[in-house]
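Enquirer: Going line by line, the protein sequences match chains D and X.
Residue 123 in UniProt numbering is what sits at position 123 of the first sequence, and the numbering runs on without skipping anything.
Residue 256 in UniProt numbering is what sits at position 256 of the second sequence, and the numbering runs on without skipping anything.
Since the hints were derived computationally from the structure, they do not count as laboratory data.
The beta-carbon is built from N, C-alpha and C at its ideal position, and this holds for glycine as well.
Some clues are possibly wrong.
[As the list claims (entries may be wrong)] Covered by chain X, per the in silico footprint, the following chain D stretches (three or more residues, Cβ under 8 angstroms):
1) 34-41
2) 216-229
[Stated by the list, open to error] Dumping the calculated DSS-like pairs for lysine-lysine here, alpha-carbon to alpha-carbon at most 25 angstroms:
3) D:Lys6 - X:Lys89
4) D:Lys89 - X:Lys6
5) X:Lys67 - D:Lys6
[As the list claims (entries may be wrong)] Beta-carbon label-pair distances, calculated as ranges:
6) D:Asp148 - X:Glu262: 27 to 37 angstroms
7) D:Glu306 - X:Arg115: 29 to 39 angstroms
8) X:Glu424 - D:Ala153: 22 to 32 angstroms
9) D:Ala175 - X:Asn404: 29 to 39 angstroms
10) X:Arg115 - D:Asp416: 48 to 58 angstroms
11) X:Glu435 - D:Glu306: 41 to 51 angstroms
12) X:Asp436 - D:Arg431: 27 to 37 angstroms
Protein chains: 2
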Amino acid sequence: MYDGLKGFRDFYPGEQSARRQVTDAIEDAAGRYGFREIATPALERTEMYVDKSGEEIVDELYAFEDKGGREVSLTPELTPTVARMVVAKGQELSKPIKWMSTRPFWRYEQVQQGRFREFYQTNIDIFGSSAPEADAEVLAVAADALTDLGLTADDFEFRVSHRDILGGLVRSLAADPETVDTEAAIRAVDKRAKVDDGEYFGLLSDAGLDRATAREFDDLITDVETVDDLDAVAEAGGADVEGAVENLRNVLAAADDLGAGEFCDVSLTTARGLDYYTGVVFECFDSTGEVSRSVFGGGRYDDLIESFDGQPTPAVGVAPGHAPLQLLCQRAGVWPEESLSTDYYVLSVGETRAKAAEIASGLRDLGHVVEGDVADRSFGAQLGYADSINAETVIVVGERDLANGEVTVKDMASGDETTAPVEEFPPESGRPTYEDYE
Amino acid sequence: MYDGLKGFRDFYPGEQSARRQVTDAIEDAAGRYGFREIATPALERTEMYVDKSGEEIVDELYAFEDKGGREVSLTPELTPTVARMVVAKGQELSKPIKWMSTRPFWRYEQVQQGRFREFYQTNIDIFGSSAPEADAEVLAVAADALTDLGLTADDFEFRVSHRDILGGLVRSLAADPETVDTEAAIRAVDKRAKVDDGEYFGLLSDAGLDRATAREFDDLITDVETVDDLDAVAEAGGADVEGAVENLRNVLAAADDLGAGEFCDVSLTTARGLDYYTGVVFECFDSTGEVSRSVFGGGRYDDLIESFDGQPTPAVGVAPGHAPLQLLCQRAGVWPEESLSTDYYVLSVGETRAKAAEIASGLRDLGHVVEGDVADRSFGAQLGYADSINAETVIVVGERDLANGEVTVKDMASGDETTAPVEEFPPESGRPTYEDYE
């Protein structure tokens, strides 16, 4: 009778159990690095996005006026909110601040494969460090999360770039550095793989690079395939670019120290779309190319906190989006099985409900997942239900068995069953199965 | 510079770690009964609430028109959404359906202690059973969750009532059952503790009960303090009430079988405000009365799925709200400590970053929470930070130690330190501490 909204998804238990495993893997990886969970509001003042996010995001806002006359928006991304939170606590927070959280965000955009209007991300950020080790840690957390999910270096790669290399090159190559729009040139690089050559060079031209310079710039950035190739770029770009190249090298070396080096490729054609990025930026891609769009990305945004009137606070982060990650995991065959699991079903037949409830409670006290009959159903219906929830063991509590001081322990995989003395069932610890009583 | 919105909260890591423990306790308790996690959208069509939720909820909706011209609302409660999901899958879902989920909801209401405009609930529901065991299981899950949190029978009580007892009494006592508005009378009972006598009896009068009948009705429901007291009610109410009394007794007996009996009190002055409730309803209260409002509630809503054009599907559920539960836990002194915990801090001094990173990675591979220096800081600053994150053990990786083939293992509680051979650190398993090397 009522439909859900386009681009908004209902997750039923099978799919949700797979999603939960993936979320847990990402959060556990971040947790091992000491990232701490925070929780944040779904609504913020619209002006925060108008001021701080790019135009693209503002066009897609779920914005409205609340009953108190405030202009509010469903949060389209987390970064402005965490920036607000860092500024609100100011000096109270010991640096570096390492936060993570998983939650939905909302953008009114075209719904397509792996892209929805309500989409889930785990945001992982470090505030208060400009050291390359911070960038490297963010890369290492992302790599650990993906390898924990079963993905390998054959499945994914982080294309790592540096905005100051791109910006520095643009300024040093331009005939007049004053007239070139560095941000626009970087946005052009971000669009490079998504538009045709004509449009790309048109965008570079709009940014203030003449045709020959644009070509030179593009040759320089596309020629870089390894760290060693950065020498040519440093040479062409002057002191600013040299510094950025060194920073990028240090980040990659630190990532290597943390075991994430094998997943990192230098790629100066990676730029990231959001305006607030500075320094190192990166995107995760499917190595086979089957998932064609970027799976997720991250990078430095050293100026954002200050732009919120906070103390200058360098920052770096990554935000795996769960829907594109699901596409990658499915392509690689490591998406968790979408099925339920149940340790026990306690089946009651005849006037044995009280005893069955007691046994179920006893098994739950041992920490197991236990279902019992809550619908007054027949033996066959209960057994069918036990099968539908993938119960490993069924405990049959029947009147005759109970009269003999026994319950039946049935292994659902084999169908084998045996009896156990009811006064000792369940035992005080452990996970009693057919094997224990056969 | 930017403020968060009134009634919307930012949760920083300390408080969030306590909230996470509480959420996990509730979800684990439900998980042991075989409730399966689902995930649901934050936006639904407004008409669903206008049609199905009470007027009170509709007045508080965050409703707006989206960019596609749809009238949408931030979800103020979960029940209509799960009803929609049950109907959407229809016969595909094996019954009983047992679902749970934790997430925020939104209502534009007056902000006060324990009540916010963005509030978190764990919804726990069973669809497809009218048996008393289903009601009892919902009570037992709630009781297990609260006792797992450390609350006892001295801390909380479930006041259990039955809408058909209340409705049946009203109809049997009324001079003319045709002219009495049963729903309005039940809403009056729900308001009983919140308004003065005059207003309460006025509401009963509006519902169609004359003064003497209203007094008789009120005497009957307030006289019930135990299960045995229900006899008088059954007698006064006729066949319908007798059936409802028997159902309530069966629910309480089944709750007793599951170990939840000690938390349940019969209380016919409990009614629940939402119109869609039928049958058994209950509310959880602080036994000491210090938290004065209902902590959370639940009950049967047997007609809702059918009203969504689904097959007739009885349902029962409970939805602990996290903010009022926090007040109860804090009153009882069982709210988890709001602090961070960290297994290791790996402190790097001098040119030892690569080795320190390797050791940190090794400890993380063992599953531990490990932080290292990501901000290029001094020995003292690193030790101060290690203290601020409550690191249990600090591994100092210094140049001199490394030259001797050692690292320093420092216990942060005692300040004691010793050395461990670096080629064996970390070991292949376990959780190495000062004691292992002293």
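Enquirer: Per the hint of 29 to 39 angstroms, is the separation of the Cβ atoms of Ala175 of chain D and Asn404 of chain X within bounds?
Expert: About 59 angstroms separates the Cβ atoms of Ala175 of chain D and Asn404 of chain X, which means 29 to 39 angstroms is violated.
Enquirer: Per the hint of 41 to 51 angstroms, is the separation of the Cβ atoms of Glu435 of chain X and Glu306 of chain D within bounds?
Expert: Taking Cβ atoms as reference, Glu435 of chain X and Glu306 of chain D lie about 46 angstroms apart, which means the hint holds.
Enquirer: May I ask you to test the hint 29 to 39 angstroms on the CB atoms belonging to Glu306 of chain D and Arg115 of chain X?
Expert: For Arg115 of chain X against Glu306 of chain D, whose Cβ atoms are near 36 angstroms apart, the range 29 to 39 angstroms holds.
Enquirer: Given a hint of 27 to 37 angstroms, does the C-beta separation of Asp148 of chain D and Glu262 of chain X actually sit inside it?
Expert: At roughly 43 angstroms between Cβ atoms, Glu262 of chain X and Asp148 of chain D fall outside 27 to 37 angstroms, so the hint is violated.
Enquirer: Should the hint that Glu424 of chain X and Ala153 of chain D are 22 to 32 angstroms apart at their CB atoms be regarded as holding?
Expert: 28 angstroms, holds
Enquirer: Taken at face value, is the distance from the CA of Lys89 of chain X to the CA of Lys6 of chain D at most 25 angstroms?
Expert: OK: Lys6 of chain D and Lys89 of chain X at ~17 angstroms, within 25 angstroms.
Enquirer: Does the structure keep Lys89 of chain D and Lys6 of chain X at a Cα separation of 25 angstroms or less?
Expert: 17 angstroms, holds
Enquirer: For Lys67 of chain X and Lys6 of chain D, compute the direct alpha-carbon distance and say whether it is at most 25 angstroms.
Expert: 12 angstroms, holds
Enquirer: Checking C-beta pairs, does the segment 34-41 of chain D have three or more residues closer than 8 angstroms to chain X?
Expert: As far as the segment 34-41 of chain D goes, the hint holds, because 7 residues have Cβ atoms under 8 angstroms from chain X.
Enquirer: Is 48 to 58 angstroms right for how far apart the beta carbons of Arg115 of chain X and Asp416 of chain D are?
Expert: 54 angstroms, holds
Enquirer: Confirm or reject the coverage of the segment 216-229 of chain D by chain X under the rule of 3 or more residues with a beta carbon closer than 8 angstroms to the chain's beta carbons.
Expert: violated (count 0)
Enquirer: Can the suggested window of 27 to 37 angstroms be confirmed for the beta-carbon pair Asp436 of chain X and Arg431 of chain D?
Expert: Because 31 angstroms falls inside the window, the suggested range holds.
Consistency note: the structure conflicts with the earlier hints numbered 2, 6, 9.
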